[in-house]
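Q: Let's have the full structure, built from the sequences with the hints guiding it.
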Amino acid sequence: MERIAPSTPEQMAEALAAFAAAGKTIHVGGAFSKLRQGGGHAPAAVTVSTSALTRVLQYEPKDLTVSVESGLPWATFTRLLAANGQMVPLDPPFASQATVGGAVVSNLCGPRRRWFGSARDLVIGMQYATLEGKRVQSGGMVVKNVAGLDTGKLLIGSLGTLAVVLSINFKLAPAPPCTRTFLFHFTALPAAIQKRNSILQEVLQPWSIDLLNPHASGRIDEEGWVLAVQAGGSQRLVERYELELAGTRVLADEAEQRFWERIREFIPEFLREKPDGYVVRISTPIEALGDAAASAPVPFLARAGNGVAYALFTDADGAANWLKSAAGRGWRGVIEFAGADGAGPDEAWPNPGPELEVMRKVKQLYDSRNLLNRGRLYGRI
Amino acid sequence: MVPAAAREELERLLGARNYLDRAEDLVLYEYDGGVDKHRPEMVVFPRSTEDVVAIVKITGKHGVPIVGRGAGTGLSGGAIPRAGGITVSFSRMNQILEIDLANERAVVQPGVVNLDITLAVQGDKYFYAPDPSSQRACTIGGNVSENAGGPHTLAYGVTTNHVLGLELVLMDGTVVNTGGMAQDVPGYDLTGLFTGSEGTMAFVTKVIVRLMRQPESVKTLLAIYDAASDCGQTVAEITARAITPVAVEMLDGVMLRMVEEATHAGFPMDAEAVLLIELEGLIEQVEEQVEQIRDVCAACNAREFRVAKSAEERDLLWKGRKNAFGAVGRVSPFYYVQDGVVPRTQIAPTLEFIRGVSAKYGLSISNIFHAGDGNLHPIILFDARKPGDTDRAKAAGDEILNFCISVGGSITGEHGVGMEKMELMGNLFSSDSLDMIQGFKNLFDPECRLNPGKVLPTGRGCMEIRQRPDFVL
Ligand SMILES: Cc1cc2nc3c(=O)[nH]c(=O)nc-3n(C[C@H](O)[C@H](O)[C@H](O)COP(=O)(O)OP(=O)(O)OC[C@H]3O[C@@H](n4cnc5c(N)ncnc54)[C@H](O)[C@@H]3O)c2cc1C
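So the sequence lines, in the order shown, correspond to chains A and B. Note that the numbering used here has the first sequence beginning at -6, numbered continuously upward. Note that the numbering used here has the second sequence beginning at 666, numbered continuously upward.
It is possible that some hints are incorrect.
Which bits of chain A does chain B cover? Going by a derived footprint, with three or more residues having C-beta under 8 Å, they are [stated by the list, open to error]:
1) 128 to 138
2) 221 to 233
Here are the simulated SDA-like pairs of lysine to any residue, each with C-alpha atoms no more than 25 Å apart in a straight line [what the hints assert, rightly or not]:
3) Lys790(B) / Glu881(B)
4) Lys790(B) / Leu197(A)
5) Lys188(A) / Glu881(B)
Since the hints were made in silico from the structure, they are not lab data. Just so it is clear, the structure is predicted and the values come from calculations on it, not from any experiment. Backbone N, C-alpha and C define an ideal beta-carbon position, used for all residues, glycine too.
A: Okay, structure coming up:
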C-alpha cells in the first residue's frame, strides 16, 4: 500500500488531487493514534499522513493567537505555549502521540470543556486541502471574524471524511498562576448529582466538573462516586474556591497534574488494555446526566457540567445494547471507539435523524465518490 | 416582478393582515442599518414554521427571490433585497418557547429580541451572553445569521459559541433540526456552518441558545487619556500581563464628545480617548484585577481612572457606549460604520492609518470599538446630499479595510459581508476559498433565490444564467 507524508501544504493538495483523479481511496490521518475511533476505516488504496506538516506558522504571544500546521505533535505545541505562559485548554486524549490536526478533527475534548468550550470555540481559522486540490481558508488570525462561511466548523469532528486539514489557528488563554482540584467522594449517585447542581447554580466558575462512577473511579485508584472539580486563577481566587469547595480531598501541584492526566488518558488506557473494548459516547441534557450515569453498568466518565459522557464496555453487544437504550430515551450517542480491528456493530450511530441527509449532501460536496476515510463517521456517511 | 398568482397564493396563506405590498408601507423595508437601499415588492409575516415552509414553496414555484429580515439593524445590507422580490419578516415569530435553567438552555423563535432573553431569565440570575450594542432591537434570527458579537464577547465568545441548535427551513421546503439541547452531538457541525451564513443558505425558524449564570461581581472602569496611543498601549499591556477583562471598549475624542452631548453619561469632553473596561467574576478576582488595571493605566499615562460606584453609574456609561451610533446620527445625518478587525498588536498602527485616511479624503472619522479583540468601528461621517461624498466615504472605507487585511486582519468582525463588502472578499480570500463558499451556496440554494447577490463578489454569487431575467441583479 502506498503511504505518503507530504511536507508542504501545496504538495498535500496536489497529492490529494492526483489520488482523487485516479479514483483511489484514501486513508488520512496524523499520527494514527485513534484508528479505533468513529466506526474505524475501510482498507484504502493509499495512506496520507499530515505528520510532515509540522511548522509553527505564526505565533505572537501578545496577540493571543497562534497558527500551526496540522501535523505538529500536540505535546510539542502545548510545550511551546506553556513556555510563553499560554494554553489551548482542550486536553485531548492520546495527547502524547496525537497531532494538533488529529486532536481537532477527532473532537474529543477533555475536562476543561465546561469553562473553555471545545475545539469549535477555540479554533479561529483553518486551512484545508480538498480532493480537488484546492486549499481553502476559513476564518483567519483574529479572534472575531465573520467574513465568509465558517466551513472550518465542519472539519472539527469530521474524522477526516471531508478534507485534509493543513493548518489551524487558535485563540489562546493565559495560563493562570494557580490551579486547584477538589475531589468529592460519595457512596451514592444522587448526592453527587446534588453537589454538581449546587456548583452549577452558584457563582463559581470551575473549569471542570467530571463525574466518575465506582467502576471508573476504581480504575484510577479512587473509590465510590467521585466528582472532580478544577478551578484556576490567582492565589486569592483559588483560596476562595478552597473555602467554598471543601471537598473530601484537595489536590495541588504534581498530585493534581497526575490526577487529570489519568482522566485525560482514561479512554486510551482502557483501549490499550482491552483490544476488544468498546467506548460509547453519549450527549444528554445536563439534567439527564444523572439518569445516564445510573443506567451504566460499566466504567462511566462524564463531563458533568456539559452532559457528555463515556461508558467503557468489554464487548460489542453490551455497548450496542446500552447505546440503543440510551437512544431510546432521547439521548444522542455513538460507539466512539470499537474493537481493535475498528469494525463496530452496525448501529454505531442510532437514530441520526433527518439532519443526516444534510450531512450527506455536505459529504457529496467535498467527496462525492466517498474516497476519504471510508467507513468513518460511524459508518453513516 | 412578483407574479400576481404568487401574491394571491400568499394572501390566501397568510391573510390580509400578514403581508404588505403598498408602496408607502414598503419604504420601511428598503433599508437596514447600513448605507444601501433597495425596495422589496412585498413583505410577508409568517407566524409559524409551517408558514415559512409554505412561503418557500410558493415563491419557489414562481421563481421569486426572497430575503429574511429580523429587526433590520444589520450594518451590511444583509436584509435588503438586491432585486425586488419578497421580504420575509420574522417579527411575528417572536416567542420564547422554552426556558430550561437546569439545562442552561432557552429555545426561542427567530424574531425574539436579543435583550428579551436576558430579561426573561435575569430574575433567576442567568443571562444570554452575546450582547450586540443593538441588543434592544436586533433579533436572535439576525444574530445567528450574522454571528453577532458585542462588547462582552471578548470573554464569552460570539453568537456561534452560544447557539446549540437550529431549526432551519431549506429552499426545497424541508425542515431540518441541527444540533440540539445536548452538546457534542454526533456528525458534522451544521449549526456552526449555518451560523454566520448571512441569511443566504436557509431560513432560521428556531434557535436553541445557551444561558449562563450571572457572575458574582461586576465592576466597570473608565480610564481617560490625553493621547490615543497611550490608550492603545494600555490594551496591549492588559494582554501582556494576562489580565482578563470581559470587555474593553475604546472611544476616541471625536466620538466621546458626540456621545457625551447626546447621553450625558459622564464622559470627559476634552479627552483624546477613553477605555471602558468591565471585569466580572468572583469578588476576589474582580477586586484584584481592578488594582492590576489601575496600575497598567497609570503606567500608560492615563489622566484619570474611575471605578463606577453604583449600578446606575455603570448603566449610564454603557448606555453612552451602546447608543453611540444614535449620538453620531445627531451630528451627521449620514455615516458609514466600518467593522474591520486587526490583531491586537496592530491596533495603534491601524488607528494611525485611519487618521491618514481621514485627512486624505477630508472626511471626519471617529472611532469606537471593541479594543480587547481588535474589532474596530471607524465611523465615517459624510453628507450624501453633496455630490461625490458617498463615493468618497466608500473609498475611504475600502482603504481602511484593505489595510486591516494587510496587517493580518479581516474585513468584518461582526457585521457581516452582505452587499456592502462583497467586492473586498477577493482581497481577503483566494479563489479556492471563494469557490468553496460558492459551492455551499449552490448546494443549499441551487436556484439562487435566497438573498441573492450577497457575500461573494459579483459574478460569483449566483450563476447568472440561472437567474430569471426579471430579477437580474
Ligand atoms: C446601533 C447599532 C449597533 C450595533 N452593534 C452591533 C454589535 O455590537 N455587534 C454586532 O454584531 N452587530 C451590531 N450591529 C449590527 C446588527 O444589529 C446585527 O448584525 C444584528 O445581528 C442584526 O439583527 P437584525 O435582527 O436586525 O437582523 P437584520 O438586519 O434584519 O438581518 C440581518 C441578516 O440576517 C438575515 N436574517 C434575519 N433573520 C433571519 C432568519 N430568521 N432566517 C434567516 N435569515 C435571517 C437577513 O436576511 C440578513 O441577511 C449594530 C447595529 C446597529 C444599528
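Q: Within the region 128 to 138 of chain A, is the number of residues with a Cβ closer than 8 Å to a Cβ of chain B three or more?
A: holds (count 10)
Q: Please work out if Lys188(A) and Glu881(B) have their alpha carbons no farther apart than 25 Å.
A: Holds, at about 19 Å.
Q: Tell me if chain B covers the region 221 to 233 of chain A under the three-residue, 8 Å CB rule, please?
A: With 6 residues closer than 8 Å to chain B, the region 221 to 233 of chain A meets the three-residue bar; holds.
Q: Between the alpha carbons of Lys790(B) and Glu881(B), is the straight-line distance 25 Å or under?
A: holds (10 Å)
Q: Between Lys790(B) and Leu197(A), does the CA-CA distance stay at or below 25 Å?
A: holds (13 Å)
Going through the hint list in order, the structure satisfies each hint without exception.
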